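Number of protein chains: 2
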Amino acid sequence: MTGFSTTHAETLRRAMAAARSRGHFSAYPEAPSGKIYGETAKAEAEAAFAALLGKPFEAGDTLLGDEHSPWGPRLGITYPAHGVETLVARAAAAAPAWADAPGDTRAGVCLEILHRLNRASFLMANAVMHTTGQAFVMAFQAGGPHAQDRGLEAVAYAMDELSRIPGEASWTKPMGKEAVTLRKSFRAVPRGIGLVIGCATFPTWNGYPGLFASLATGNAVIVKPHPAAILPLALTVRTAREVLAEAGFSPDVVQLAPDMAEAPIAGALATHPAIGIVDFTGGPAFGAWLRAHVGGRKALHTEEAGVNPVVLHSTADLAGLCRNLAFSLCLYAGQMCTAPQNIFVPAGGIATDRGHMSFEQVGAALVAAIDALLSDPARAAGVLGAIQNPATLDRIAAARGLGRVLRDSAPVPGQDAARTATPLLVEVDAGDRAAWGEERFGPIAFLIRCADADAALALAAGSASARGAITALVHSTDEAFLARAEDAFARAGAALSENLTGGVFVNQSAAFSDYHVSGANPAGTSCLTDAAYVANRFHIAMARRPVAA
Amino acid sequence: MTGFSTTHAETLRRAMAAARSRGHFSAYPEAPSGKIYGETAKAEAEAAFAALLGKPFEAGDTLLGDEHSPWGPRLGITYPAHGVETLVARAAAAAPAWADAPGDTRAGVCLEILHRLNRASFLMANAVMHTTGQAFVMAFQAGGPHAQDRGLEAVAYAMDELSRIPGEASWTKPMGKEAVTLRKSFRAVPRGIGLVIGCATFPTWNGYPGLFASLATGNAVIVKPHPAAILPLALTVRTAREVLAEAGFSPDVVQLAPDMAEAPIAGALATHPAIGIVDFTGGPAFGAWLRAHVGGRKALHTEEAGVNPVVLHSTADLAGLCRNLAFSLCLYAGQMCTAPQNIFVPAGGIATDRGHMSFEQVGAALVAAIDALLSDPARAAGVLGAIQNPATLDRIAAARGLGRVLRDSAPVPGQDAARTATPLLVEVDAGDRAAWGEERFGPIAFLIRCADADAALALAAGSASARGAITALVHSTDEAFLARAEDAFARAGAALSENLTGGVFVNQSAAFSDYHVSGANPAGTSCLTDAAYVANRFHIAMARRPVAA
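Chains as they are written, first to last, in my numbering: chain R, 51 to 599; chain W, 51 to 599.
A portion of the hints provided could be inaccurate.
[As the list claims (entries may be wrong)] Simulated coverage check for chain W against chain R, where a stretch passes if three residues somewhere in it have a Cβ under 8 Å from a Cβ of chain R:
1. 230-239
2. 537-546
[As the list claims (entries may be wrong)] With a cut-off of at most 30 Å between alpha-carbon atoms, the simulated BS3-like pairs for lysine-lysine come out as follows:
3. Lys85(R) with Lys227(W)
4. Lys105(W) with Lys92(W)
5. Lys227(R) with Lys92(W)
6. Lys223(R) with Lys85(W)
7. Lys223(W) with Lys85(R)
8. Lys92(R) with Lys105(R)
9. Lys223(R) with Lys92(W)
10. Lys92(R) with Lys223(W)
11. Lys227(R) with Lys85(W)
12. Lys92(R) with Lys227(W)
FYI, nobody ran anything at the bench for these hints, they're computed from the structure.
Model, not experiment: these values are computed from the prediction.
Cβ atoms here follow ideal geometry from the backbone N, Cα and C, with glycine treated the same way.
Let the hints inform the model, and build the full structure from the sequences given.
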């Protein structure tokens, strides 16, 4: 081990241990604190962000980009663009030296990239905030340290997988009174160029697992950001290229491939024969296209749409339930892939610490908790953030007509420059599947009147299986009901949280501990954090020859 | 651990260790010896096989089957057939108890199945011989112990993967001066019903990895044999069902789904929504259909066609080279997925221990070695076996016109009842890619005149990448050339053998040591013997809940 791999060996060792034990671990502090990141870091990052605006990110013959902050301003940054063949040719030229490097060398480079990204977390927070519409603290945490932890987790899984392949083996087979001995050598060979197709809401958090899993297993990577959120991945790619060059590799091991919404290049990249791995986060329409066109031969890992359910059976803390669920509905205005949408409640109400509560009373308590959370406009803006895509506002408008509006959506007072919306809560019947049965991305939730709690559970788990879900939340004081819920959501492939009433939310997925996406329902083809996610990014090559007796 | 898992714990432990060290290991003796399998085993198996002929294998409402032995007789065995919906419904009913069983219980059942299959290896040898056309000893070894070892290897990989998931974790995150603790539980959940689509040449050897990988990871399995080779998998499924029932599971955890060539059901099974995993061995036409129709969402593992190359650069043992290569060309008449087809030789000849040999002299020496090997008709029949598919004879006839015939193919003398053919060796130029550039399954090989050894290597590796290859063989006394060959075939995804002159052949792939298929070229989507092969047969489900402070 030399250089970066020595510097970061202990971090990697701890990360690999954490990925196996699934206890709490984080390499990158989540607090946006001057004590940790430097007292001037925040101001310097704001100045650095401002200096990026209104000009080319880097020089180039063809420049494109049209990002608008959901908080108001047009960013005016343009990025050098290259044709598919140029990108692929450069990646192919850079790939062999990266592929041939020892695994720990590659891991060291990956960890140095993550380390530098961590140091630049305040700048990344600005970039994420003004592309995704996340509020500042979330943009810092989810766009910075939490994303970096997910990247580190992918490196840890990759190194664990690679460590299982012996470099050499001696194979001696008895053949009658004689024996024959072969010397065998094995090596991991990267599958081909990796393509990471980013999303507009969590460009780094969702992009880093695929980026670092492919890099650590020896693949060159082309990063194709969402046209609305180029900057966070452009900063990432720039950092990666700097570290690669310092380590003696071609910077083209990682390349940025920006495009415009009206001239997308993801399909042409994904189907190029030199691309062996595709990581995609985005909508199910392009997801289905990828599954049909590249899924059979290439390694394809997608995260697509999901409809995350909540099932209320009973609770020992109604106030905590409502506070916690209200926060989950409000956080980034429902624009998390892990946010709940469908709240299944028995028509006859539920047992609580305040006595029996009717269906209507549960709805009223939840509305009151949302209103209380959002009563202070400044706090509301900090929780809700802004709306990334204008189409989400149209979706809210349409959803008002789907049932009885228990709580209407409205802009956040005082945020006139920003595109904001508070949660819409609509009451529907279990039979109104046309209303609740599909993903309605954004601050839209349904309170669904079910025959009883077991019917609620069956509907929730059935929907997860049929339409996809990444998370599920259940509240019950009955261990038998919780056990049934665990069975049902285990089979449906949704990560289950139970009885959350405090400061942990169903939306949150912790690196090294929570498996994110199961691959077992339409919300995605793959878990982003398990062995299967990395094991098909390389193949094991072998050579054998007889050893003279 | 109880019952079967206790009985077989040591075998499993040793298999798991071997799969990591990749040294020699075999749990099932390959010698068809009375000392091992019982002095009466051979005769009893022949009687048992004869008793199967000409009648239903089991009772059933709908019976089908039309197997003909390539050695002559029509088997006349029929098998109960069920519709796709019936098969799926039975599998779905049997699946939950199997999925919920502890991993070591399932492993114990799998190893007991393999143990009983091993004891019945002589009967299996008859079944494999008279469906595939393999000669008896190969049918015993490849159809029996070697296939059983491959099945055990899949169980070992599955148990290794499952062992990486902690059952529980305690997750404590510091939050300011407080801390929050969640208790998390994890479990592996099978992906869905597995479908194994068998082939006609190695129904057990190619079928067992997928069967046992899916079983060990908790999936019910439907086994769809090739219509020409039902019996070996029917015996396998019968044994599996017996063991499952004894262990208290529904026998429908494993079901046989026979069909007829004129009314195939593999497509309907593979696309059924309840099927989550498809393992396929067969031709690239149906392979491409599967990749397009199920590859994007389901776990699909295929082994399809390949064109395996040989590159001759130089040798210190020309006689051994020719003897070894002649045997590889003759063994089962080229009907192994690992058999060489294309022999790339420099036009200027090669350096040998007998001095420089011209291209023509190399060809003549190889022909002489084949002729010598086949000079005794009884030995010839034992090496060549019979031709599984009549279409292979047509292919030989067509191949005669593709170049200059160095050695013609002919039936084996004295084997009039059987369908036999000796190898055809045709000389072509490197430019005659239309001749050598595609798989010509059967005893057909090309001696290809190349500009020089490096051109030969480039053609061979390029063909492997473009058209698929499972194995490659190179002969050279130059370490630098061998290193270039190792690099080239590592990238092309073909398992390389070097300088084989003795009793190990390029065709042979040893369980626990040789990785079979790479997934890196069109010969198949997946290695049959690595972590990626088992890791996507299940997902990891989780549940988490706060622990009261």
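Right, here's what the structure says about each hint:
no.: 1; hint: 230-239; in the structure: holds (count 7)
no.: 2; hint: 537-546; in the structure: holds (count 6)
no.: 3; hint: Lys85(R) with Lys227(W); in the structure: holds (16 Å)
no.: 4; hint: Lys105(W) with Lys92(W); in the structure: holds (22 Å)
no.: 5; hint: Lys227(R) with Lys92(W); in the structure: holds (24 Å)
no.: 6; hint: Lys223(R) with Lys85(W); in the structure: holds (20 Å)
no.: 7; hint: Lys223(W) with Lys85(R); in the structure: holds (20 Å)
no.: 8; hint: Lys92(R) with Lys105(R); in the structure: holds (22 Å)
no.: 9; hint: Lys223(R) with Lys92(W); in the structure: holds (25 Å)
no.: 10; hint: Lys92(R) with Lys223(W); in the structure: holds (25 Å)
no.: 11; hint: Lys227(R) with Lys85(W); in the structure: holds (16 Å)
no.: 12; hint: Lys92(R) with Lys227(W); in the structure: holds (24 Å)
Violated hints: none; the structure is consistent with every hint.
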